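Number of protein chains: 4
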Amino acid sequence: MLKAAIIGLGWWGRIIAGLLKGNPKLRLVGAVALDPAAERFAIEHGMAFSNDFDAAINDPGIEAVILCTLHSQHCEQIVRAAHAKKHVFCEKPLSLSRADVLKAVAACNENGVALAVGHEKRFEPPIVELFRMAAAGELGTLLQVEANFSQDKLLGLPPDNWRLSEKEAPAGPMTATGIHLLDLSVGLLGPVDSVCARVRQLGSALTNGDTLGALVTHKNGCNSLISAILATPFDGRFAVYGSKGWAEVRDKAHPEAPQGWTLTVNSRDKQKQVTEYPPANAVLANLEAFADAAAGRAPYPVPQEQMIANISALEAVFKSARSGQVEPVQNT
Amino acid sequence: MLKAAIIGLGWWGRIIAGLLKGNPKLRLVGAVALDPAAERFAIEHGMAFSNDFDAAINDPGIEAVILCTLHSQHCEQIVRAAHAKKHVFCEKPLSLSRADVLKAVAACNENGVALAVGHEKRFEPPIVELFRMAAAGELGTLLQVEANFSQDKLLGLPPDNWRLSEKEAPAGPMTATGIHLLDLSVGLLGPVDSVCARVRQLGSALTNGDTLGALVTHKNGCNSLISAILATPFDGRFAVYGSKGWAEVRDKAHPEAPQGWTLTVNSRDKQKQVTEYPPANAVLANLEAFADAAAGRAPYPVPQEQMIANISALEAVFKSARSGQVEPVQNT
Amino acid sequence: MLKAAIIGLGWWGRIIAGLLKGNPKLRLVGAVALDPAAERFAIEHGMAFSNDFDAAINDPGIEAVILCTLHSQHCEQIVRAAHAKKHVFCEKPLSLSRADVLKAVAACNENGVALAVGHEKRFEPPIVELFRMAAAGELGTLLQVEANFSQDKLLGLPPDNWRLSEKEAPAGPMTATGIHLLDLSVGLLGPVDSVCARVRQLGSALTNGDTLGALVTHKNGCNSLISAILATPFDGRFAVYGSKGWAEVRDKAHPEAPQGWTLTVNSRDKQKQVTEYPPANAVLANLEAFADAAAGRAPYPVPQEQMIANISALEAVFKSARSGQVEPVQNT
Amino acid sequence: MLKAAIIGLGWWGRIIAGLLKGNPKLRLVGAVALDPAAERFAIEHGMAFSNDFDAAINDPGIEAVILCTLHSQHCEQIVRAAHAKKHVFCEKPLSLSRADVLKAVAACNENGVALAVGHEKRFEPPIVELFRMAAAGELGTLLQVEANFSQDKLLGLPPDNWRLSEKEAPAGPMTATGIHLLDLSVGLLGPVDSVCARVRQLGSALTNGDTLGALVTHKNGCNSLISAILATPFDGRFAVYGSKGWAEVRDKAHPEAPQGWTLTVNSRDKQKQVTEYPPANAVLANLEAFADAAAGRAPYPVPQEQMIANISALEAVFKSARSGQVEPVQNT
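Chains as they are written, first to last, in my numbering: chain A, 1 to 332; chain B, 1 to 332; chain C, 1 to 332; chain D, 1 to 332.
Treat each hint with caution, since some may be false.
Just so you know, same-sequence chains aren't split out, so a pair can sit in one copy or run between any two.
[To be verified] In the DSS-like style, the derived pairs of lysine-lysine whose C-alpha atoms are separated by at most 27 Å in a straight line are:
(1) K219 <-> K319
(2) K270 <-> K153
(3) K103 <-> K153
(4) K153 <-> K244
(5) K319 <-> K25
(6) K167 <-> K3
(7) K21 <-> K167
(8) K21 <-> K103
(9) K219 <-> K3
(10) K103 <-> K270
(11) K244 <-> K25
(12) K21 <-> K244
(13) K244 <-> K270
(14) K3 <-> K270
(15) K153 <-> K25
(16) K167 <-> K85
(17) K244 <-> K3
No lab work stands behind these hints: they were computed from the structure. Computed from a predicted structure; not experimentally measured.
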């Protein structure tokens, strides 16, 4: 049983707190937040409340932190928690720059603590199966990825919400949903060589941009075509095309009211096959994988070099969205 | 009844000849080809055969030509046919450069003949419905297009087939299938401002490239993400995301053995709806629309400015595939 | 706010209690059960507990009862509750014989109390839409119904569970799930004329029968083909065929872990259309309709003559399952 | 190469003649029909024409007959052809009574000729797979079948067409489409013990009945619920429920304009899986299986005892449709 403090009790922090109720692997024993209203929530959920991050990470009764804080705070908080010998689960994006993610990973490794990241899509059963098929060669040589994660949940946020700010979301939809797709692409196709991204405000009052399209070229020569829109009804799609066949995962509904997925596989010389997946709690599976890693029961399934490659590519997305040009990704 | 000569009797020319058998609007009365084996085919199908293009276009018994020739020949043949006062139906791509398409269109207009192009996807019933929905505002402000037309039919061609040559197919899959998607995008979102395209040889022996990904930015700010692969089993998809909803057309099977389409519409506050479309012959519908335009019964549904915008963008795709950079599209 | 007592706190009674937590229309203030273990549940959920049915229905603080009791007790309990001027929501089947349902309905009418029945499928949004289409004539003259409600949830029950007994479940799967389908058929096609039913033990240890097939002939000449199996993985299907088209509702998953429904409509000369319905809580919608009826806000949507016709047909199903012959239904 | 004469050149006979063009296993060399208009068709298709059945079956150049004649003529024609040592492919239904089918089978066996029947659904790839799964035990113990084959193609026939007559179609839709379903049920679940069938005229001018529902009880205790309607848009469905899982084949469109099938399999503890089958020519596969059987290359896949069991059950369907009661099937 891993005893953790949750840092940040906004919308997402509270969802995680709810999910972990009664969990046999991970228990929230503390909470840190600046908002006084969070104190009541923490107490009702049996967590010691504090507004002092340092006090929490120095509490010997706490073994791990779960960071649900502003994107720009992730790096420093990871480093400080690692130095306090706490395992770290950090919401995505892990950082906003390659320099930061390198610092964060190094701090965890130097202090021998586990580092996990909130890329729950990796834990969705049909995505796990797609990765297995790809690794087993069932799709042949991988050629290209197409991915989309669009929604309109943020349209209702007040305009000054941090998730809509240029500082925390430099490429609009990229940090909200696109980063999940980039993570999957990196997981399948490896580090990214260059990026061409476009972010525009087209269909909403989100001045920071509501529509992103990106052509991501991996070092192995494959492309990922990434789409993330914040001003259209929900769609979720991740498809990979290979020389023997292609596979497509489609979300039936938004993860907040999940209805499961379909996995369509079209292999040369076989019938096209659609497998229906019932809903499964991928967020919880990710948190439990973190607890397993912290306890040394199993390595965390997302390798650190992929965490680094993802954020390195993210930095290039930010640059390209600003410059309008193809931007190289720094990888060494 | 429009009396036409078909120019080129290769794989596709013969398909068109078969489709037009007994057609009440358009009759093939002549054929021009260089391959002597084509003569037998022509005679069996009741067409006068010739290997002299000029003789055919100067034949007073012929009112129109259907060009199923090499891409690089299209422009000159259109111009010559137009000057001979023949209506022209030209296979895609209409030309390989903006300069050429301008010449071709001008020649037709100066000579008062109709010009049509082999973009049959425009005539597929679910695409017609998607265009109607978009025009009626049912999807709100349009935001982004995602499109894919992939197949492995060309893998069986001999390596020296002209369709696989750098000269006739400067960006590999782009002239084979991608051009259809670019045409639809231009039809929905208007002229293109810039293009970033990548063509690679990844999964086959097609040295001219088997995998294309392109980020196409339209002048109105929207992107189209275009995918065309020649080394994976068939997939056909055209989706448009708007501020009120999105619509996706999916081909159930390759057009050569058609099984129809699905049209999925996801509008905000409505149930997601999938409409099943039975197979329909879009190639024939296109040819008949050409006959109607030649006879003055109805304007040809693809406006000339879209023909021009499409080829102007195509030229930038070629450039970007070579340069690896974002390439502007010339529009004026 | 209707104040109700729940009678019976077994598996289903507890589900209803959970659903009604915080409901603005209906509040459970009391519970009656014989099982002492139910007392703790009742108290935890803020209900006064009793093991005396008469005391509960004579409690002036209680306006309604919700019967989650043995099938064979329904009639007498409805009658007694009605005489005590309590509104009654009764789980299905309303009774096990036509004589009983007539008594129950009469008692409610004489005492001016509402009577509702636990046929939640009537409240599923795609079923509501199918009924609307049928009533509006969109399917033409109705011809035939096909319906299936199969599952394997009861396989885990101990063999002496009352739901598996000959007394409470005279035709095995009929009272478990088939009765819902019969209710829908009666709602669409009217009273039943005759029934031919077969119940067999084929694929499980359920000695009372695990497989039911029934040919139900309505007085208007239409048939309903009803299938209810307790020894196969879940399926839920309700289809009606008409002279202009047919409509089919399909459950995507068992109601206990709902994933929503599809409604497929195939009309002559239109494309086949599939509408996706997200999960909706039909059990709660039914309870709220009961509260509305009790308060006089709206009539209860299932007419009493359909309640009577359903149980009249049910009695013939029991007879036919025993006799192996076609059994007439008593309707007058 | 089996040389055959086709007997009957109506709608269906002509379809078969078209299918067999250029077939390497079976060639139509003769045709027998009474309609003089059939002579031109026969000659155009390279068949010797005759209006004398006996002359044809005594022609030494003919090895087999394909009967596309009135249902009531099948038995006598099979017997006569068999005595003339011709192999027989007979359209469904093989006969209209058990006595007749026994005679027909006996005559073929006595004369050492192959007998095949036009139940092409047996040869549809997803049905072949469903039968394989059932035989391999993948669905567990089989429990119940649900089947539907409905259409509105016959609505356009003149009222005096023989297919609509009481003599040739004693239970309306049963001989048109229902017999295919009964054949599949017998193939899966074995001989039939009793039948309860209802045929009504509800939604059309087909005075012989447009709507059939039947509860078929097999000797092994399982039921088949069979639906066949002639006054509703097309539907085709064959589902079998077993103790480990169920499988459902669904036709995407009418066999006349085929779009393929889906096969849905729902096994306990596995994800539900939908396999898409492209169109395949099952009619031709059946004819080729006949040619293989005639040549001794492979046994005909439909065993004679199933042919007999099917017609024995058909006779009971006729009786039950008349009597309104459960009718036993004669099996010995």
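- Task: Have a look at K167 and K85 and pick one of within, between, both or neither, based on CA distance no larger than 27 Å.
- Result: Close neither inside one copy (29 Å) nor across copies (62 Å); limit 27 Å.
- First find the shortest C-alpha distance between K21 and K244 inside one copy, then the shortest across copies, and answer within, between, both or neither for a cut-off of 27 Å. Classified as neither; 44 Å inside a copy, 35 Å across copies.
- Can you tell me if K21 and K103 fall within 27 Å by alpha carbon in one copy, between copies, both or neither? neither (32 Å within a copy, 49 Å between copies)
- Item | Within, between, both or neither: K244, K270 at alpha-carbon 27 Å | Both, since 10 Å and 25 Å are each at most 27 Å.
- Message: Reference check for the pair K103 and K270, CA-CA at most 27 Å: within, between, both, or neither?
- Response: neither (48 Å within a copy, 44 Å between copies)
- First find the shortest C-alpha distance between K319 and K25 inside one copy, then the shortest across copies, and answer within, between, both or neither for a cut-off of 27 Å. For K319 and K25, the Cα distance exceeds 27 Å both inside one copy (40 Å) and across copies (55 Å).
- Item | Within, between, both or neither: K153, K244 at alpha-carbon 27 Å | between (37 Å within a copy, 13 Å between copies)
- Message: At most 27 Å between alpha carbons: which applies to K270 and K153, within, between, both or neither?
- Response: between (39 Å within a copy, 16 Å between copies)
- Query: Can you tell me if K3 and K270 fall within 27 Å by alpha carbon in one copy, between copies, both or neither?
  - Reply: neither (49 Å within a copy, 35 Å between copies)
- Up to 27 Å CA-CA - K3 versus K244, copy category: neither (46 Å within a copy, 43 Å between copies)
- Task: With 27 Å as the alpha-carbon cut-off, assign the pair K219 and K319 to within, between, both or neither.
- Result: both (18 Å within a copy, 21 Å between copies)
- Query: Between copies, within a copy, both or neither: which fits K244 and K25 at Cα up to 27 Å?
  - Reply: Answer is neither; intra-copy 40 Å and inter-copy 34 Å both fail.
The structure fails hints 3, 5, 6, 7, 8, 9, 10, 11, 12, 14, 15, 16 and 17 (numbered hints given earlier, in ascending order).
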